[in-house]
Each structure stands twice: as structure tokens, then as C-alpha cells.
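Can you join these two chains into the complex? Each is in its own frame, and there are hints to help.
In order, the protein sequences belong to chains A and B. Count the first sequence with this note's numbering and you get residues 5 to 318, in order. Count the second sequence with this note's numbering and you get residues 223 to 512, in order.
All clues given are correct.
Here are a few chain A residues that face chain B, going by a calculated C-beta distance under 8 Å: (1) L125; (2) M131; (3) T252; (4) H287; (5) L290; (6) R302.
Everything labelled a hint here was simulated from the structure, so no lab data went into it. In this text, a Cβ means the ideal position worked out from N, Cα and C, and glycines have one as well.
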Amino acid sequence: MLNVFGRRSVILIALAVVMAVLPLLFPSSYYFRVASLVWVSALAAIGLNILMGKAGQVSLGHAGFFGIGAYAVAIGPAHLGLNALLAVLVGALLSALLAFLVGRPILRLKGHYLAIATLGLGVLVAMVITTESGWTGGPDGMPVPKLSLFGWRISGSNTWYWITAGLLLIGTWFALNLDDTPTGRAFRALHDSEIAARTAGVHVERFKLQAFVIAAVYASIAGSALAMMNGFVNPDQAGFLHSVELVTMVVLGGLGSIVGSIVGAAVLVVLPQLLTVFQDYEHFLLGLIIIVSMIFMRDGMVPMLAKLTMRARR
Amino acid sequence: MSELLQFLISGLTVGAVYALVALGFTLVYHASDVVNFAQGEFVMLGGMVTVFAYAAGVPLPLAALLAVIVAVVIGLLLYWLAIAPARGASAVSLIIITIGASILLRGAAQIVFDKQFHKLPAFSGDAPIHLLGAVIQPQSLWVLGGAALVVLTLYYVMERTLIGKAVVATAANRLAARLVGVNVATVMALAFGGSAAIGAIAGILITPITLTSYDVGTLLALKGFAAAMLGGMGNPLGAVIGGLLLGLLESFGAGYVSSTYKDAIAFIVILAVLFVAPQGLVGRRTVERV
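Isolated chain B, as found in the complex (with noise of 0.2 Å):
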């Protein structure tokens, strides 16, 4: 029982991080049908530019506001630079774009910081909870914590506010959303912002538990795809269904499978769900019309 408990734990930690990495997914392919691969670039850097800053000798909170200021302006950057000019382009260009913008960020990186694995001291120190005999990291808290109040806010921009109901209407259809007076490129920008954001706080919950360096983010874009595409590409509540369910499973796998295998789970669950609805578990059948 406190096995399951401890597994269920560890599980959603992780979950929720793929759970906000494929937030960022859906809120840029929502705005833009852009899949964006320098998504888990952006936890990177959260993890990374908190970590350099604090070892500079700047307060943990304002280095990881920096972090997420860096992440927002990159993310910015990014479409500004590499997908705005490559409009009409192709999915697959789109998606080689983003693959050599991760590839040039990690790049980057390495030539900035270094190609050393870092940690950052755990928010509200390391003392155990003790829970029905399972042992609960007091960081684990923040992140589930964290991820949940990312959940919320985006919710509220998404269903109260303006900007969410032109990101909504840019979704629907990007022509009608510009003849209501929206500016779509500006939606989109902010997409890619937002999605950075987003990104870059799940980096800084994680980096105490997990680690970071310069190359975390690909294997973390994976996972948070695999999240994405198992709640239905697009979906936000999806997104966040389908990251806490790829944690479990991997927390489930490793420990009562095989833990050399516990990386080559969110795959499986790629390749299984395509095959089996390859639209996604939530997604939308569509049907293309000649």
C-alpha cells in the first residue's frame, strides 16, 4: 500500500510536468498549428537561467522571475524570427523549423552555461512528510501545487478574458478571427510567449527534484508530446489528463516493470495511441473533404 502511495506520488510530480510541457504544446498549436519541438528548450532554460542566476547570488524568487522573463523573450524571438517568416510553409518544414531552433537553443546553451548537470536547493527545505508510510519530498508539493495554479490562470485568461477569446477565435478560423478586428499575429505571439512561460515555471518547480543541464529539453518535448497527443492534440484539459497519466504510468512502469525501460514509455504510449485512434483519445475525428 505505501509502495502504490509512493509511486502514485512520484508519478504525478513528474505528471504534472508533462502536464504543463503539454500545455505549451496545445496553447501553441491552438493559436497557430504550429507543433513547436523547442517546448522542452523552455523548461531547459527555466531550470538553467534560475540556476545561474542564484548561483550569482541573486534571490531564488527574482532568479526564477528572471528565468521566466528570459524563457518569454526567446519564446517571442522565436516566432518572430522563425515561424512568422515561414508563414504558408508546410507542417513538416513548421516542424523542422522548431527541431532546429531546440537544436540551436541547446546549442546555445552549452556555449553560455556549460554542459554540467546543476541543482537548485528545494524551496521549503528537504524534511520528509511522512503519509501512510510513504515518504513525500516537501518540492513535490510546489510542483503539484505550481502546476495546478498554471492550470487555473490559464483557464481564467482562456474563458474570461479577452485575449483568451481571441486566442479562441484564432483557433476557429484565423480568417473570420481577423475580420472581427483580432490581430492574429499578436494572438500568436503571445501563444508562443505564454507557452514559454508555461514551460520555463516547470522547469524551475523541477530542476530541485530532477536536475537540469543543457540537454534535458528533448527527451522533455517528447514526453509532453506524448501527453499532448494522448489527451488530443489541441485540447488544454486533455493536455493536463493526459501528462499526470503519462507520469503515473511511467512511475507504475519503472516500478513494477522495468525501470531501463521507464523513458521508453511515453513512446509505447505514442505509437500505441496512434494506432489505435490517431487522432488522439479526445481529439476530434476530422474528415477531409475533396
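Isolated chain A, as found in the complex (with noise of 0.2 Å):
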């Protein structure tokens, strides 16, 4: 079976049943809300694991350009008067640009030097959003406009349950597509070494941008979709806290692994609604949650049952 099919098919059709028959299990429309939650996150952390698990550069700054989708619905609506899929698409391209621009210096650094300079970015993004309150609502956040297509507005958790599931799922189509492309396998390869894919004739740089830039777009559009799906946006989504949370799901799930950034997102959105309980504590928990699971499972969730399960078969 898994021959006729591929891994990529196996995958896709697993998520697209789990995704269907979820739903079956929800007694009320808030595990529809939390739902759509982890798929939006997934979709963001998918792209940025391209970026940190593929290519192996990290974005300490991730949330600014999920900042920018969220705000591009939010604001191109409101002040420009634009189509909120338009708006969708300027995010996206505002993201992209964004990343081309300061990929290309930013992206020569290395370890500390390119963690902290994707976190200067994110934070300057972020700082731009609080402080030009005349188009942002400053702190506060402002409200976004509900999608209406053809007509016929969106909204429910019902329905934006299917449209992030949708989301989600192409997103996974073409993050696993671009293993076997020469991206892909160019990616791979300035993974493992640098100056070894340099020599085998990688573009190191233009490679790295792609990344980044796949990156970028991938988090803008994961941010359009919770703003809509919210109905409103705050500086918070595009705060350093957010940032951290996007790394930690991709590290938590398995660096390169697909399938591990989904349940890394799904393990950070659905742990601290359970614990709405200790509210208090949220903080101090996902702290020490970073720190374990960095610890002890520093290959992340899925490698690592992967790696058991293939011991217990032996």
C-alpha cells in the first residue's frame, strides 16, 4: 500500500480523514474554535520549518510577518477599502517583499548573529504596528471586517473550521512537494553544509532567500486567517512572545519534520486551553514546557516516536 500511494499521499489522506472525522467527536462549536486554532498555527510553523528544518536558518522574528497578514486584513479593508482577499494577497506580498529585502544581509549571519537579527526584525515590526495607533489602533488592536464572498458572509467556527483545514492541508501538500524538487533537495544540502553545497554548485544565498521568503508567506497567510477568523487583531500576534511560540512548535514537533510541526502546533494551542485553569501559570508552564522538551527530546515529538516505534518493530 504505502508503495502505490508514497509517503506524501500516505500522509495527506491521513490528515484530510483525521481533519474530517474530528469534527464527529466536537460536543460544541468551541472545539471547533480551538481547532482551527492548531491548523492556522501548523500552517505558520509548516512554514517556517521550511525555513529552520529544510534550509536550517533560524527566524527568531516570525511573527512580524504574521503580523503583517493579520494587519493587511484588518487595515486594507478599514482605511483603503480593499476586497478582504485582496487584502489577504497584498499581506502576502507586503511578507514577501519584506523578507527579499533584508533577507539578503540578514541571512550571511549564523547562529546567535542571525537569531538576534530576525528578532531585531520582528520586534521593529511589532513596534511599528503598537506605535502607528492611527492605523493600527495602537495596543488596543482594531477590529477586522468579516469575509464575505460572492455575497455570502463567513463566519462560525464551523465554517472557518473547513477554510483554515483547507489552508492547512495545501500548505502540507506543497511543503512535501518541495522535497523532491531541486529547491528541495538544495535546501538539504546547505542544511548539512554550507560550504559543501556551495561547492557542489548550490546558490547558497538565492537558496536561503527562497527559504525565507516561502517562509514569510506562509506565516502572512496563517496570520489573514486568524485575524478574519478572530475578527480582530492586537500587536500580540506579531509580538516576540508569538515568535517564540512558532520556534518552540517547530523544535517541539521535530525540526524537518512536516507531520511534527502540526502536532507541535496542535500540543502548544491545545495544552494552555486546558490549562485555562492555573491561568496564572501559563507563563511559567510554557517556559518550563521549552526547556523540557528541549532537553529531553531534542530531536522533537515525532523523529523521536518515529525512532522508537522503528527500535520496537526490530
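The structure is reproduced here in C-alpha cells:
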């Protein structure tokens, strides 16, 4: 069976089946909402994983792009009279453009230096959003008009569940396919050794930039989707803490594992929902989860489980 | 002229705090190659513990000492519980661990203390000193003098004592240091404890001027890091210069350009420095051998 479909199709079909079956288990629309949050976060995390896991470059400011997407669908319709879908596109283009412009100098850096530069970029985006309150509503955020398509107003957790699920399927499909393209192979080459990749004729700068732009577009679209789903945006979505959460999803699930990013997103979205009773302890526990998982599951959950099952089978 | 002097003084005052945070960064980075993002949390702890101990009736000097001790203990715990077990992890994994630690400490402070802003009384009164038309708060002198004392002490320890030599040896080559009998793990623990103490002192000195709350650490850590980067990572003198320079840039930027983007200056500086000199202004260039 596996050979007939190939690994990619198996993953996609399994994901689609999970998405289709889950609602049967949901007792209330609250669960649809949490699941939609998982799909949206997973979309952003998969994009970041293409940059971190595949191309081996870290970004600690990824929420900046998420914020650009989110604010595009808020500002576009409210201040410029843009159609909501067009605003999503404008947001994605803006994110891609920003990633393209700053990517080249930033991606020359390595390790700590790259981490801190991307962090600086993200914080600057968040600061602009917080400060330009005439456009963005400042620290309080602003409302996002409901999406309407062909005169049909899209709202409700159930509808958004299917829209975000569809987006995540497309995002997963693209990411899985990327692996077997020359671009995907180039990413892997520069992940293992930049110098070796360069010697083998890989245009290192160009592919790093490509991964950065792709990751930015993923985050931007995820941001737009979340903003329209919530009907509201605030600067936290572009903030440093959100960037850290996205990185944690990727690392927790497993660097380079697309399924891992979905699992990582699910854990980090669902856990705080379960912990609302301990609301005051949320940051404390998030920090604890990050430290413990980085020490004891260095490869991430999905690769670790894969290794364990392989061992058990033998 | 008086305006210029005013900006100069306020710039040097905050710059001294950034310099201390940057020193903490370089000390840890020097000994262990870890960029410790929880550095700002030590500043927060310094301020918060002092505030709460003082409010509980402990005399101010004792409260300050208590704050330094708490910070050192937490710095050592951070090393033993989170950094040491993750030995051999990549630079990015270690960064994520220290970010996790900073979120955890912030969360803990929010539980143990509260979410309000807090102030300490100025150490020697609020009567301003007038100098050439500028107004100096006495606390500014405490900050500058305290920072200078910390820098000199650290310089003495690093240059004149066996512990300092052990740190330098560890920084230069960990294996060689171990071979000549340096207990590398102890040196790293000392670096974490020392940087925590330095951070806490910065927090205690600045709280009468800038207030403190459970979440002041992040921005301070980022600015301290910008300062360290400006001076070249791992270079203590560079950290002090970088800190003062960043404080001045912020103060003059806020005064003459725009105060709304005052906090953005540190990040623009980070990005600008990295674009021009990816190893920092004073940092060494390294060539990767294949």
C-alpha cells in the first residue's frame, strides 16, 4: 500500500481523514474554534519549518510576518477599501517583499547572530504596529471586517474550521512536494553543510532567500486567516512571545518533520486551553515545557516516536 | 548646551545599565558560548526582590543584598538544571532553552509578586543637583558609580585572580583548560552566578529611576544584547562601551529625532551593525576551516 501511494499521499490522506473525522467527536463549537487555531498555527509552523528544518536557518522574528498578514486584512478593508481576499494577497506580497529585502544581508549571518537579527526584525515590526495607532489602533488592536464571498458572509467556528483545514492541507501538500524538487534538495544540501553545498554548485544565498520568502508567505497567510477568524487583531500576534511559540512548535514537533510541526502546533495550542484553570501559571508552564522538551526531546516528538517504533519493530 | 548636557547624563545613566546587562551576556558567552536570554530577568529580579523585601520592612541595603543572593541562586539553578543537562546542543537549541527560562522566570515573578509597576525610593534623596543648567538626579550618580565599581571589580577578578585566569582559559580552549586542571563546569557555574549578580545590581540601582515590573526583563535583555553586539560579543570592554554608546544613541535619538521610536533604536543598531560587520564592531573575524 505504502508504495502505491507514496509517503506524501499517505500523510496527506491521513491528515484529511483526521480533519474530516474530528468534528464527529466535537461536543460544541468551542472545539471547532480550538481546532481551527491548531490548523492556523500549524500552517505558520510548517512555513517556519521549511526555513529552520529544511534550509537550516533560524528566525526568531517570524511573528512579524504573521502580524503583517493579520493587519493587512484589518487595515486594507478599513482604511483603503480593499476587498478582504485582495488584502490577504497584499499582506502576503508585503511579507514576501520584506523578507526578500532584508533576507539577503540577514541570512549572511549564522547561529546567534542570525537569531538576534531576525529577532530584531520581528520586534521592529511589532513596534511599528504598536506605535502607528492611527492605522493600527495601537496596543488595543482593531476589528477585522467579516469575510464575505459572493455576497455570502463567512462566519462561525464550523465554517472557519473547514477553511483553515483546507489552507493547512494546501500548505502541507506544498511543503511535502518541495522536498523532491531541486529547490528542496538544495535546501537539504545547505542545511547539512553550506560550504559543501557551495562546492557542489548550489547558489547558497539564493536558496536561503527563497526559504525565507516562502516561510514569510506561509506566516502571513496564517496571520490573515486568524485575524479574519477572530474578527480582531492586536499587536501580540506580531510580538516576540508569539515568535518564540512558533519556533517552539517547530522544534517541539521535530525540525524538518512536516507532520511534527502540526503535532507541535496542536500541543502548544491545546495545552494552554486545558490549563485555563491555571491561567496565572500559563507563562511559567510554557517556559517549563520549552526547557524540558529541549533537554529531553532534542529531536522533537515526531522523529523521536518514529525512532522508538522503529526500534520496537526490530 | 544645557539640553545637550541633560541628554548626555540621562543617556549615560541608562547606558550604564545596558553596559551591565551586556557585561553579563559577555561573561556567560565567554565561559560557555551560551547567549543567555534570561539575562534581563536577573535585572528584573534585582529590582522586584528589593522592592518586596523593602516593603516587608527589611532595611534597603539588606533588601538589596537579599536580591543579589536570590539572583545568584537562580543563576546557578539555571546553569545546573537547564544549561548543563543540554550539553552538546546546538547554539539555537541553547538560545531557545534560555528564552524558555526567561519566560518561566517572568511567569514565576508574576505569580510570586504581582503584575503592577513598583518603585524604590532614591538612595540619597530626590533633591536634584543643578549643573550648567542641567538637572541631575542623585540616583543617576548612584547608577554611574555602582556600574563603575562593578566593572572595576570584574576587571580585577578577571585579570588578577586565579578564578579570572580559569575563566580566560576556559574561554580560550575548553579542553586545554580541563587538561591543565581547570574545573570547567565550576567556571561556567561561576559565570552564570556572576552574571546574575551583575544583572541584579543593575536592577537595584535603576529601579528608583525607571520603575520595575515582572516583564521589564525582555526589553532589557534585548538592549543589553544589542550593546554587547555593538561592542563585539565576548569582549568585556566592548560591552561597557557598547552599553554607554547605546544609551547615548537612545537619549539623543529620543531628544532630537522621535521619542515614540526610542525603543526601536537598539534594534536598528543591531541590524545596522550586523549588516556592516557581522562579527560586531570590535569582534574578531573567524574563518571556518573545511
